[in-house]
Structure formats: C-alpha cells, structure tokens
Amino acid sequence: MTAAAGALLEVDDLHTHFQLKNKLVRAVNGVSFVVQRGEILGIAGESGAGKSVACLSVLRLVPSPGRIVRGRILLSGQDLLAKSEKQMRELRGQTVSMVFEDPLNSLDPAFTVGDLIGETLILHKSLGKREARHKAADLLRLVGIPDPARRLDNYPHELSGGMQQRVMIAIALSCDPALLIADNPTTALDVTIQIQILALVKQLREQLGMGVLWVTHDLGVVAKLCDRVVIMYAGEVMEQGDVYGVLKRPRHPYTHRLIDALPKLGRPEQRLVPIEGRPPDPAYLPTGCSFAPRCYKAKPECRERAVPLHATANGGAVRCLFPED
Amino acid sequence: MSVVNLPLKDGGDVRAHADAAAEQRMFRRPSEWRIFWESFSRDRLAVGAVVLIALVCAASVLAPVVSPYDPTVGDNSLRLAPIGTPGHVLGLDGQGRDILSRLVWGGRVSLAIALLPVAVASVISVFLGLVAGFFGGKVDMLIMRILDVFFAFPAVLLAVAIAGVLGPGMLNVMLSITIVLIPYISRVAYMATVTVKNELFVDQARVSGARPYQILFHHILPNTLSPVIVYGSTLVGIMIVLGAGLSFLGLGITPPRPDWGIMCADGRNFLSVAPHVSAVPGVMLILVAMSFNIVGDGLRDALDPKLRK
Chain F
0 MTAAAGALLE VDDLHTHFQL KNKLVRAVNG VSFVVQRGEI LGIAGESGAG KSVACLSVLR
60 LVPSPGRIVR GRILLSGQDL LAKSEKQMRE LRGQTVSMVF EDPLNSLDPA FTVGDLIGET
120 LILHKSLGKR EARHKAADLL RLVGIPDPAR RLDNYPHELS GGMQQRVMIA IALSCDPALL
180 IADNPTTALD VTIQIQILAL VKQLREQLGM GVLWVTHDLG VVAKLCDRVV IMYAGEVMEQ
240 GDVYGVLKRP RHPYTHRLID ALPKLGRPEQ RLVPIEGRPP DPAYLPTGCS FAPRCYKAKP
300 ECRERAVPLH ATANGGAVRC LFPED
Chain H
0 MSVVNLPLKD GGDVRAHADA AAEQRMFRRP SEWRIFWESF SRDRLAVGAV VLIALVCAAS
60 VLAPVVSPYD PTVGDNSLRL APIGTPGHVL GLDGQGRDIL SRLVWGGRVS LAIALLPVAV
120 ASVISVFLGL VAGFFGGKVD MLIMRILDVF FAFPAVLLAV AIAGVLGPGM LNVMLSITIV
180 LIPYISRVAY MATVTVKNEL FVDQARVSGA RPYQILFHHI LPNTLSPVIV YGSTLVGIMI
240 VLGAGLSFLG LGITPPRPDW GIMCADGRNF LSVAPHVSAV PGVMLILVAM SFNIVGDGLR
300 DALDPKLRK
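Sequence lines, in order, name chains F and H.
Position one of the first sequence corresponds to residue 0 (numbering that gives the first Met the number 0), numbered consecutively onward.
Position one of the second sequence corresponds to residue 0 (numbering that gives the first Met the number 0), numbered consecutively onward.
Bear in mind the hints are in silico, worked out from the structure with no lab data behind them.
Every value quoted in this text rests on a predicted model; they were computed, and no experiment measured them.
For glycine and all other residues, C-beta sits at the position ideal for the given N, C-alpha and C.
Mixed in with the good hints, there may be bad ones.
Taking beta-carbon pairs under 10 Å as the criterion, some of the chain F residues facing chain H (in silico) [to be verified]:
#1 55
#2 73
#3 93
#4 97
#5 103
#6 174
#7 180
#8 188
#9 192
Next comes chain F alone, as it looks inside the complex (with noise of 0.2 Å):
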C-alpha cells in the first residue's frame, strides 16, 4: 500500500515479536497502516490480534521481551524508530497520546485529577501549578465535565467509570497532541456512556484537527466512529478500507464472518453465526493465509504461500486470494 503525501502517521511492514524462552510470538506480523490529519483510524479484531502491540510499538514502549524487529514507523514524515529514547519521552504524551482501557487503573490513587492532568503539563510545557491548575479546569470543561473546578480536587475513584475515561482523555489532550491513540477506551463502559465518550471523540476532532487511531473489538464503535477502518487477525492486516465499504460490503472472508457474529437489531429471528475454532498461536502461525484453517472458502493454494494484501476498487485492500466481491 502506499502512504498519502503528509499523512500523520504511517506504518509500514511493522514486524513487533516477542522472542521467549523457548519460542518466537509474532505478535506484530508485517502490518501497514495510515492514519491522515483529523482523521479516526479504526483497528478492529479479536483478542489477540496483535492490535494493542501495534499502538506500543508506535510509541517504541512494547514491553519486554517484545522488539521492533523490521518495519518503518513515520510520524508526519520522521522516522521514530531512529529516534532516541529522550526524544520518544518528549514525543510521548505531547505529540502522540494514548489513553488506556481501563481508566480507573490507569489514574494514580495517590494524586487528585487536578494534580494528574497537571503532571503532564508541568512535564511538557513546563507551567507552574498554579497555571497547570487553571489548563486543568479548561481541559475537564472540554471534555464535558460538570463543574470542572470541583472535580479537580477528586480523587479517580471518586468519579464514575464514564469521568474516568473523561479524565483520561483530558490527560491525553492536555499537550494538544497531533495523534490521540485509544486502545479499547470504551470497554469498560456502559452502553449509554460509550455513546457519549464517542461523540466526545467526534467533536474533539473536528475541533483540534487530529488524528486518532482507535483500537477496538466492537464493530458497532467502529461503525459509528471511525472513517476507515483496518481489521487486523493473527498480526496481519486482512482488509481496510473506509468503514462503509469494509462493514457494507466485507471482502474478507473473516470481515464477513465478524460481521456474522454480531447481533443486529430488528432481525431477531436471525441467528448469530460464531467463528469456529480459534486464532492460531502467534508462536506457530500457519504458512499460507493465517485465517485458512478457520475459514470456509479456504482452499489447498491458501495454505501453500502468504497472501498478499491485493487493492480493492474503492481504495480499500483484502489479504485473500478468494474475496468477496
């Protein structure tokens, strides 16, 4: 695939393995991605699927004994993969944040909201606390938060599940970061608040113009956030395109089977289709399409060599030999 002059971020043939004791885990498998300026990147697939090690690789924090092993990360045209650890911490939270799935967790008990939206502040735009104070009200108030002043003296288990996430994702935005990376943020919500934290994330966007890239196993969010989409199983991308395209019309045979697997409204008659079997081991992926084993088109020349992403027709790509049409 090719990457769009100026595109925010590009990834391209990311290799992230995790070399254990007596096996090699291809967590990360040769995946390419884009994400453009002010545009949602959705990442979409099963547990397992290697897409949370993507994001870390993309901030360089994969954890041991994971490694970068190949691949080229570029960030509004800088290679990050050459940059050095302290250039990568003052990247990290300023130029490109993440906010994690669980925020309740992922907020220090020890410190206030204020005090944890200030850190970052302090850290990057070396304010006073007085101003990191004043940033942080502005920042609560930003992200919908009631009487952001009061909120500031809380304690995270003080909020709900859905301020939580609010609070991660004022710590996300407090350096205006060009690139937001959401890994799974909504999963621990319910329903009602999840709606309300990607509207959030919508009008956030249009308002800073940034890019996000999304992570998620809810193709529900997907559809109703992002612009494209990447479906990613085994460490390998298998189809993207824009998210119309890809959830209207699945190439993919797994696309099409996760497509199965969800309930919809209004056909309640219909029955949900599960995937049969699992996802391989990433320490024994087989050779050929990684989905064959599973997959009900499959045949023999699946199995014999890697498939190639080929380009679909409206600007998307599909990693099989026998796609949907």
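Please build the complex by placing chain H on the supplied structure of chain F, with the hints as guidance.
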C-alpha cells in the same frame, strides 16, 4: 493550537468567563494534612493511642523537669513500698528508688531504642525496596538475596547476637535493632514497589513521556510509602518490647540507668512480695506497644484514599 483559547460551546474564552467566585473556589481545596486528619480523627481509639504516646513522649523528653526524684538514688528505708505510698505514687523498687521517676527516665531509653531504629531502617529499606523492585533483574537478585540471608536468622536471636558482639550500650542496641529490621521493612517496600510498578497508571505515566526517575519518585514512591509507614508504626510497638528484652538480658544500657526492660528484670526477684515493681513498667510496655499498633491501623485506614469515609 492551544486548548485554552478554543471557542467553546458557551462561547468565548473560558478563563475570561471564570468569575471571581469560581476563581476563589478553585484554590481553596483542603490541604492533604487536613483531609488526612479528618479521616484519622474519626478513629477514636487511634486518637486516644496518639494522645497516650504523646503524653509518654512528652514525659520522657521533659524527664529532668517532671521526674520527682533522682532515678538512680534509692531510699533504703522505703524499699519495695507499694503503689500509693505518700510521695511515691507508683511505689518504690528493690533498691528504694522511685518507680515513677525511673519510668519517666526509662521511657527516654525505651522509646529511643524503638523509634530511631524503625525510622532509620525504614528510610534504608524504602530505598533498597524501591531500587530492587523497580529495576529488577540482577539488582533485584543481589539486594533481595542478601536480605534473605538476614531473614534466615530469627529476629530476636540476630539482635542478641549483634548486640552481644558489639557489646552492651544504647547505641549498639539501636544498631542491632536497625539491622534486624531492614530485611522485614525492605520486603514490604519491595512488594509494594513490584505491585505498583505493574499498575496501569505507571504505563500511563510512561505513555505521557515521564522519565524513569519521575515514575519512581512521583508515582511509585508515594504508593509504596503508606504500607511502610503503617508497618513501621506497628513495628515500633514490637521493637519497644524487643529493646526491653535486650535490656532484660543485660545487653542494653548499663545500670543504674533505667529503662523499662531493666525495670521489669529488677522486679523479678520480688514478684511474690512486691509485684508492682515489675508490673508497672510491664503495663507501661504493653500500653505503649499496643498504642503504636492501634495508631498503625488508624494510619492504614487514613492513608488510603479508597478507605477514607
């Protein structure tokens, strides 16, 4: 682009709209100490324990002023006089020395023997535990295995051995108690560090671009400190007893200077005739040791924001 200058839904700059009242409210948050005290003071028993400890400490510090008699000079005519003897509220010991005076002077030694080693050992242990827990690997192995060697000896035996080698004296007793304590407190600090290190909020700090030392001191240390403070305050009680035990064995300070352990030891020859000679310092030991334990429990509840009511 700055978030502050964004036109928001309510229109206009946020800071310009913030009225004076909101401005004031913004900076009037109760201090950490106040929040802590409000939570701690709800535990009546703990407050009582603090008062008792404070009184004992004050009496010890002010021993030269409050002590009615010289603790080392006896009045042989009144040997073993019981509690309530006119002029000697708590009676007299086997050599006719005023028990109240000895209690007050002895408190100096007994409290110092417990408080100082716990404080010093805590500082050293937090450092060791943090370093071992945070950096892991070989550093972890080296520090924790050395401490395990000390762990292998029973605490009291180790204290006796060290004090025995160094010879009697207050400084040596304190030194031996400090050494005995370090492996225990280090374990607590280490465990807390390892737990906190793997918390998501440490990843969050990393993702925000924090440097390793900032993560260590800003996020891990504060979360490690409260279990150490709680454990330490509990240990003070036990160490008062251990210090008294060492004095009892003759490894503590040298007579005729009193400490509670020596006082208990002195009285054991007269247990059947004059039990108060041992009982008074014994009760004192129990009360103070218990108080430190109660304070430790109170601190645990008050220091954890999640347990605050």
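Looking back at the hints listed earlier, which ones does the structure fail to meet? 2, 8, 9
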